[in-house]
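*Asks:* Residue numbers (the numbering used here), protein chains in the order written: chain A, 1 to 55; chain B, 1 to 219; chain C, 1 to 224; chain D, 1 to 267.
Simulated from the structure, these hints should not be mistaken for laboratory data. What you are looking at is a predicted structure, and each value in this text was computed from that prediction instead of being measured. It is possible that some hints are incorrect.
[To be verified] A few chain C residues facing chain B, derived, Cβ under 8 Å: (1) R9; (2) L10; (3) K14; (4) R17; (5) I18; (6) R21; (7) S22; (8) S76; (9) V77; (10) A80; (11) A83; (12) G86; (13) L89; (14) G91; (15) V222; (16) E223.
[To be verified] Listed below are several chain C residues computed to face chain D (Cβ distance under 8 Å; list not exhaustive): (17) L159; (18) P172; (19) I179; (20) V209; (21) L221.
Built from N, CA and C at the ideal position, the CB exists for glycine as well.
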Amino acid sequence: MTHLGYLIAGWGIALGTFAVYALSVVRRGRDPARRVPAERSRWLTAPGADAGNRG
Amino acid sequence: MVELNAAVALLGRFPALTGVDLRIEPGETVLLQGPNGAGKTTLLRLCAGLLAPESGSVTVLGHDLTTGPERRAVRRRVGLLGHSTGLYEDLTVAENVRFWARVAGLDAEPSVERVVGALQRLGLDDGLLDLPVHRLSAGQRRRTSLAALVVRRPELWLLDEPHAGLDQAGRNVVDTLIGDAVAAGGTVVVSSHELERVRSLSPRVVTLAGGTVHRDTNA
Amino acid sequence: MNRFLADARLVAAKDLRIEARSRVVLNQVAPFALLVLVLFGFALDADQRTLRAFAPGLFWVAVLLCALLAVQRSVSVEQADGALTGLRLSGMSPAALFVGKAAAVFVQLVVLEVLLTAGIIVLYGSEIEQPLLLVATGVLAAVAVACTGTLYGALASGLGVRETLLPILLLPVLAPVLIGATRAFDDALGNAAVDGWAWLGLLAVFAVVATAGGALAHGALVEE
Amino acid sequence: MTETMATNGTTTGSRGSRVLGAATLLGLATLLLFAFGLTEADIRLHPTTGEEIGQFDAVRLLYLHVPLAVFTYVAFVLCAFASAGYLIRRTPWFDTMAHAAAEVGTVFCGLVLVTGSIWGRPVWNTWWEWGDVRLMTTLVLFLMFTGYLALRRATVDPRAAARRGAVVALVAVLDLPLVNRSVEWWENRTLHQKSTLGELKIQDLTLFTLMLGFLVFGLVLAWLLLHRFRVGWLEREDAEHGIAADIAERRAAIDEGDVDAAVGEGT
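Model the full assembly from the supplied sequences, consistent with the hints where possible.
*Replies:* What follows is the structure, encoded as structure tokens:
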């Protein structure tokens, strides 16, 4: 395969960044999620009702 | 005139007012007192329409201050003297007062008379008129800023520590000014540490603490 | 409408009078503008042909740097002693305030542009081939920069030490002005065979959008 | 990370978002399989000389880069609409959405620039092609939204941050056509832009993989947006909850003696 270095760098950086960012978002949400009562985070009171929350 | 019910106001995320109930009738003079950080300044700024109440209701001069347009409308009708003087350093005393008079919608011509009259009433002699503000003393600045307020003839006076930083003569001038405003049928809310002074002007003292009305001699 | 224009004129006249008294822009920003031209000269090895070829770009980069300073000065005038609170209390429409502030910045920018034009003629040996295009570009770009700058000045004000945000916020937005004005100057100074008048159209669109958008958006920012 | 979250909220996840997340991961695996295994490299024969030309295996970067670029714009346009909604309605939903879209969009945008640069090196023989309109537009966009995020971080009052952010986002998106147009005219002076996809000989499988890329990175965007929105929402709820507690605490802490001492009134 030609350009293997470029391919690994491109895909690696992109997927790595996404992974790190996704983890950071999830971790950032943990603390407030624990403190905020469940009835104030609407998506938790009605499981699977994401569409309602986002629309 | 002024009516607050369970009014909460935030500064950033800090609850500066934690639920204020207060009613002030037209023509009344009210002294606000309380420890530093009790919410006196925030209460005055809230009544002036500079802050949006977080919850509760605030009605001033018939304007419901929970909405933006009403807050803008009330600002023109109140006169707030804050901690900063709101003067432009590089302009002269006369230019500053005239600018604020014209911004308030007064015509240029009668305001010149008024400007001079107001400054004289505040004990600023004519010689200061053409001096740039950065050459004034703190007391003279405060008087200039008061003059800019007097020229506007507000219906509701909100004076935040008007005596601070003034000498004896200056404080007397402030008292005269409050007396004038009351005599002209204005309503005055004044926060001050000069208890005796203001008490001679007003029988009503409202004590704030922890962002709420702690005591009210009227209640 | 009369009231609007009167208020705007009042604010603009006030700002210009303050500048006439304090001479901050004239005594500090204008020498800085010329200094930038000289520094470019050093950096590009003092070859007048090179400098002449790059004169339009260097000119407009210098204008943008000066505009940052002028906008910061315009903001600090209102912030220094709580004058902005007074303006909010006056009930003046935020749009009128915006137009007034932007107009004062505009006048100062035009003065700086005249100075810089003299600078590139003397220092870089530029020659004006189309005076009309040059003037029109200078005016339209100054409108665009003054309006965008005034809006972003209001955005970045009151942040305390973080007011250093202004450049990173403002300069990317002004990229089209930099490109457009540079190309139009290329034509006006006879540097390159481009259609400067087409670029002028782009600048005009930007100027109109910045004026109208700024006047509309200013309310949301000053209301705080 | 199993089904414990439905009753006690300890994460920003929900059943819906978990399904979405699983689908995204599955999609990514499939996409990698297609991008690296099943599709072929872009090798064509020069019509006259007969030598091999094309992007060779570098084309496999496009299955990543092109969808990222498209969804960057989707995220920023979403941010602009939410910002406009906030200025009109002034409700926290719009602001939270605008902030989430801006942050996720900036991550996408940064990756577009990086992957574009990495792709450009072998194909255009340069890390940075000044003549490319989309590249320059994307860079300016990236800078504007970096400023947006910095401004929001710097503003203490959440309502002021919301208003200022909304103005910046709207200006950025309105400015975009002008940036695009100016760069387009500007580069026409010297270089001509290469159409990156047009010259590919698109086979069925290549096209399918590209479409799969769109689907997968669309899912990535949706998953990130969903969670980032919930984080913003929870943080706001948390702050409000904290304020209510602070109010109660302040009112409870008022001390008669302290007040009297402060206002100079002895008993």
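*Asks:* If a hint holds in the structure, say so; if it does not, say that too.
*Replies:* Here's how the hints hold up against the structure:
{"no.": "1", "hint": "R9", "verdict": "violated, 10 Å"}
{"no.": "2", "hint": "L10", "verdict": "holds, 6 Å"}
{"no.": "3", "hint": "K14", "verdict": "holds, 6 Å"}
{"no.": "4", "hint": "R17", "verdict": "holds, 7 Å"}
{"no.": "5", "hint": "I18", "verdict": "holds, 5 Å"}
{"no.": "6", "hint": "R21", "verdict": "holds, 4 Å"}
{"no.": "7", "hint": "S22", "verdict": "holds, 4 Å"}
{"no.": "8", "hint": "S76", "verdict": "violated, 11 Å"}
{"no.": "9", "hint": "V77", "verdict": "holds, 7 Å"}
{"no.": "10", "hint": "A80", "verdict": "holds, 6 Å"}
{"no.": "11", "hint": "A83", "verdict": "holds, 5 Å"}
{"no.": "12", "hint": "G86", "verdict": "holds, 4 Å"}
{"no.": "13", "hint": "L89", "verdict": "holds, 5 Å"}
{"no.": "14", "hint": "G91", "verdict": "holds, 3 Å"}
{"no.": "15", "hint": "V222", "verdict": "violated, 10 Å"}
{"no.": "16", "hint": "E223", "verdict": "holds, 6 Å"}
{"no.": "17", "hint": "L159", "verdict": "holds, 5 Å"}
{"no.": "18", "hint": "P172", "verdict": "holds, 4 Å"}
{"no.": "19", "hint": "I179", "verdict": "holds, 4 Å"}
{"no.": "20", "hint": "V209", "verdict": "holds, 7 Å"}
{"no.": "21", "hint": "L221", "verdict": "holds, 6 Å"}
Checked against the numbered hints above, the structure violates hints 1, 8, 15; every other hint is satisfied.
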